[in-house]
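Top to bottom, those sequences are chains H and S.
Sequential numbering of the first sequence, starting at 0, is according to numbering that gives the first Met the number 0.
Sequential numbering of the second sequence, starting at 0, is according to numbering that gives the first Met the number 0.
You may find that some hints are simply not true.
Unchecked claim - 27 Å max Cα-Cα, derived BS3-like pairs, lysine-lysine:
1) H/Lys164 x S/Lys126
2) S/Lys126 x H/Lys274
3) H/Lys247 x H/Lys164
4) H/Lys321 x H/Lys380
5) H/Lys493 x H/Lys472
6) H/Lys36 x H/Lys247
7) S/Lys106 x H/Lys36
8) H/Lys428 x H/Lys538
9) H/Lys247 x H/Lys217
10) H/Lys2 x H/Lys324
11) H/Lys493 x H/Lys247
12) H/Lys98 x H/Lys79
13) H/Lys538 x H/Lys472
14) S/Lys106 x H/Lys217
15) S/Lys126 x H/Lys2
Read the hints as simulated data drawn from the structure, not as lab findings.
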Amino acid sequence: MYKYDQYDQTIVDTRVEEFREQVARRLAGELSEDQFKPLRLMNGLYLQLHAYMLRVAIPYGTLDGRQMRMLAHIARTYDKGYGHFTTRQNIQYNWIELKDTPDILAELATVEMHAIQTSGNCIRNISSDQFAGAAADEVTDPRPWAELLRQWSTFHPEFSYLPRKFKICVIAADEDRAAMRLHDIGIQLTTNAAGEIGAAIYVGGGMGRTPMIAPLIKDFVPIDDLLSYVEACLRVYNRYGRRDNIYKARIKILIHEIGADEYRRQVEEEWAHVKTLGLDPPRAEFDRIAAMFAPPAFDAATPDTLDRSDPDFALWVDQNVKPHKQPGYAIATISLKPVGGIPGDATAEQIELMADLAERYSFDELRVTHAQNIVLPHVRKADLHALWQALDAAGLATPNLDLISDIIACPGLDYCSLANARSIPLAQKIATRFSSIERQRDLGELKLKISGCINACGHHHAGHIGILGVDRKGTENYQLLLGGSGAEDASLGKITGPGFDEDGIVDAIERTVETYRAVRTHGERFLDTYRRVGIEPFKEAIYG
Amino acid sequence: MDDLLRYRDDAPHEEPAVTLDAFLGQTNATAVRLESDEDARALLPHLDRLSLIEVSFPAFRDGRGYSSARILREAGYAGELRAQGDVLVDQIALMRRCGFDSFVPDKPLDPAAVERALGRYDAVYQKAADGRTPVWALRHG
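Bound conformation, chain S alone (with noise of 0.2 Å):
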């Protein structure tokens, strides 16, 4: 886990991650993965016992984790939310802002770089899982 960027305070799970359907048929894991196939929402009647949720990303161009990013914040989960596999420097941000926080890259990233990348963008135009405050309720105070 050398590779592991981490954005909380609460100490790093430490038990592994399982499969969707292996989590589903037990019911005693706390950590699951989540392919970049499979429907967030088959998680949301288990998020209370949840306190790490994989989403993997098979390759950067593939956005489909980005979706179940925000359907398991939406949905109220607090627990970690990993975005690991072909994660890029340029992709941190809007990860952060779907509501990952925290990163298990295929290739290790920079982390000056990516400290750069998260503190780029003084503002955005929506509101996501992130809580940032958007453009437009700004101006309108």
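The shape of chain H in the complex, shown without the other chains (with noise of 0.2 Å):
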């Protein structure tokens, strides 16, 4: 893991003097909320519906159990006792007083925390895949590059007052566990013909409500230009993405209006001048992040096999449990979604006994996933019984992982200003309905994903099934979206038809898995199906 040194010690130190600044001037009446508003959201504080929230960053989502301790006791002492990890691989607190943002901030810098470019038109959290390190199919872990670009944004001159917030995420496989090509820049690492790592660079992807797949701008940069290509491909976003209207504002709307072709060519150009301009650290500061990168010290005589005997145990292992590099490890995922639960919610003592578990269990290593979900990357399959009886105990085993209820939602009209529509109690409802375990191994992977409103922060658009709440004539209604999916087989999802309120959509729901189940064919997942038969069948079980 990327540990600080006295310069990211320092910076992130005088932000906290400096937001504590700004919020003291606040409080003293000497700024208003509109003067206050733009500088609170450089730092992650958002005005909710019934009080602030703050937005605390985890970079490429990988934390430790330190870290993850003191997100528990900002949880206890400044929260309701709870947090809601995010799809951005966050987490945020919703229920946050102002006077007390600048001491959660302090404590947060002590363990190497920060809530630096949460929210604002900026460069965000950067993204990885989760299983960073512990995946069998990197090329190499993605997380070192992360670090130089999580460095290289933070307080970027030139980009912190972009058109509109901008979002990056790196991975390192052909399987894409992190929705890449959904964001502003998607970067893959891949190696060239003479077997060096370089990245592919996909840009203008997006969600919101406009989706867009990102096209492929460049195949491969070396490592040693990375940076000053994403400062080209930033720097013409800038000065060129439209200003005039806030829904129009993503570069991914810029590229589709002037054509991949043509930001491709004004990148080169920009390119071709910033890549004299010395703007590239020597590739010994690659080097020095990637040490603190290496692969813990792993027991080769660890033995390779499990004890299946005890069956509850055996059915979180086939549905969360993922296959690890090393031999004898393997890779947990820890579900915040149990049946009736709040996606991506968890309890102060929930964040403690994981942090705990990463400590004994996985070298002090968790991450964050978008799903919403925890993963302690590098457990021996020898210790998976005592972690899976202690996540039980504390009710974090639930064996649903990439399943029916494993659902990804927005913390909609409970807690946001812009939703038209409650999310919370409608997954609640279809996880529910769906509660049987068998039932949900029997519909195979099938992600869901809800959004309150158009802006889709509950990824709806990459639902394999997606819903949309809107406001229909002041009442709440949601649209039925298929066949999306964030992966690497990225797709949007189409709407299927009028939309439902709530009952009506859990029950078309139902009906369109069992639309899947009577037409599927041996061992098809439900994307694979939709895709074959296309969305007719669907739309005739749910309106026919």
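Two chains, each in its own frame: build the complex with the hints.
Here you go:
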């Protein structure tokens, strides 16, 4: 894991003091809310329906037990005893008081954490593959690249007032576990013919009200040129991205309007200039960062076998445990989606327990996933049963990873001032309807994603089944979308037809999955069936 | 010009800035005003005769001027580079990094607050137009 040096620590500490002054000016009445807004929005502080919400950055979703324990402490001391893990691999607290925020940030800084650029029209937290450093299919660990980008993007003088927010994702495997092509810039690390590692750059993806899958802009950028290339990508956007309409200001609209070829030409022209400026750090800096992501001291002698005699344990292993590149080890996902729970929420006690378990069983490492779950990336197979028992006792062993109840949901109208409809109660209702784990497993991989408004924070465009909450003449109405994917086979869901009320949408989902069961061929996932037969049989079942 | 903040040793430029169109159409102007949607690169062939370039910030959210400033400095422009408009105290440090060396904010700024903002961060992560040494260079001497 990355460790701050004196420079990183000083920058974060300075930010705390700067924000403390800004909050003091606001509390003293020297700043109006209008004047304070752009300042708090550079630091992850939103004013929601009922209170302030503070979003804390978890760079590329990686953290250690000490940091996780601090997140629990903040939940208990400054919030209502829980936190909400987000689709950007961050955590947010929904019941924060403004006067406490400087102290919260000061506490976070003691464990090398911050809330810098978790909101605002700037470069946001860099996201990555939650299995980085553990997956067998990666060409390298993407996190050193993500850390290099984190530092470069922190207080970037030219790109702090972009047309709109800007999200970057770095992965290093063909299997896309991080929705890379639905980012403003998606980076896939790859190797060239000479066997050197470089980056394929996709630009202009995103969800929101105009979803787009990012086109490939550059097939190979060497590590030594990465920052200058990304700088060129951003400069073209900062100069020519639309600023007349907030809904058309993301880079995807620029690229859609001028075309990927023209955007590529402009970036190449800019890059030819930018790369002469000496903006790229020396290779030694990349090596310094990469050394901190060296693999942990795996035990080569630990057995590669597993005692599956406990059926409940075996069920959890089958669903939530994935293969590790190191023999004798496994990747365990802790589901934050218990039936009837709030997707992504965890109590302070649960967060502390996960910190303990990471220290005991996973080389002191945890990951947050964009699907709002937690990963212990390096668990000895011999420890899996003990881990499972500890999780089970805390309500954290729901064996539903990637099943219909592993729902991504935005906070919705329960918290968010932008929402048109509630997301959380609907997620709870769906999970309850499909609570039988046998039925869920029979339905197989099924990614269900709910957004409470058109801004798509719940990734509904990328759901195998997506739900969009809208306001129809003053009542909540839910539209159903089918066929989306945020994975390497990225696609955007299609709306089936007229929307439903809260009970109607749950019935419509039931008819959808029963149609799938009726027409699927052996081993075919819901998404595969949908792609083979198209939307018509589903529409017929839902509306016919 | 009471509200001019200036970080240069030479005498302030007296000639009023003309629009980009006017500047490109005549040969003797030495000061030009660039609107946020105008291309700074149009000035590159003429930098040697310019003493003042004023870049407009119609709203603090409009960040195009940051790119304009860097483009001008990267091309070697050494004259006065002024940010005019909705310029706030919390933006001055970023603007200095992009190469601005004078400011005419719509609303006057508290000089003490400006000084604090400019002196706040000892270290920066990026190489920009202000010549500050980025952290990565300090780390590797």
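Hints and how they fare:
Straight-line distance between C-alpha atoms of H/Lys164 and S/Lys126 comes to about 22 Å, which keeps the hinted pair within the 27 Å bound. Of the supplied pair hints, the one linking S/Lys126 and H/Lys274 holds, its CA atoms being roughly 12 Å apart against a limit of 27 Å. Distance restraint check for H/Lys247 and H/Lys164: the Cα-Cα separation of roughly 12 Å lies within the 27 Å cut-off, and the hinted pair is therefore satisfied. A threshold of 27 Å between alpha carbons decides the hint, and for H/Lys321 with H/Lys380 the separation of about 11 Å falls inside it, so the pair holds.
Simply put, H/Lys493 and H/Lys472 have alpha-carbon atoms about 23 Å apart, close enough for the 27 Å limit, and the pair holds. The straight-line distance between the Cα atoms of H/Lys36 and H/Lys247 is roughly 22 Å, inside the 27 Å bound, and the hint therefore holds. For a cut-off of 27 Å, the pair hint linking S/Lys106 to H/Lys36 stands: about 17 Å separates their Cα positions. About 22 Å separates the Cα atoms of H/Lys428 and H/Lys538, which keeps this hinted pair within 27 Å; it holds.
Note on H/Lys247 and H/Lys217: the hinted pairing holds, with a Cα-Cα distance of about 24 Å set against a maximum of 27 Å. Between the alpha carbons of H/Lys2 and H/Lys324 the distance comes to roughly 24 Å, so the proposed pair stays at or under 27 Å and holds. Between H/Lys493 and H/Lys247, the direct Cα distance comes to roughly 21 Å. Compliance with the 27 Å bound is thereby established for this hinted pair. Taking the CA atoms of H/Lys98 and H/Lys79, the gap is near 16 Å; set against the 27 Å cutoff, the hint holds.
In summary, the hint linking H/Lys538 to H/Lys472 is supported, as the alpha carbons are separated by about 24 Å, within the 27 Å threshold. Distance hint between S/Lys106 and H/Lys217 is unfulfilled; the C-alpha atoms sit about 44 Å from each other, more than 27 Å. Note on S/Lys126 and H/Lys2: the hinted pairing holds, with a Cα-Cα distance of about 22 Å set against a maximum of 27 Å.
Checked against the numbered hints listed earlier, the structure breaks hint 14 alone; every other hint is satisfied.
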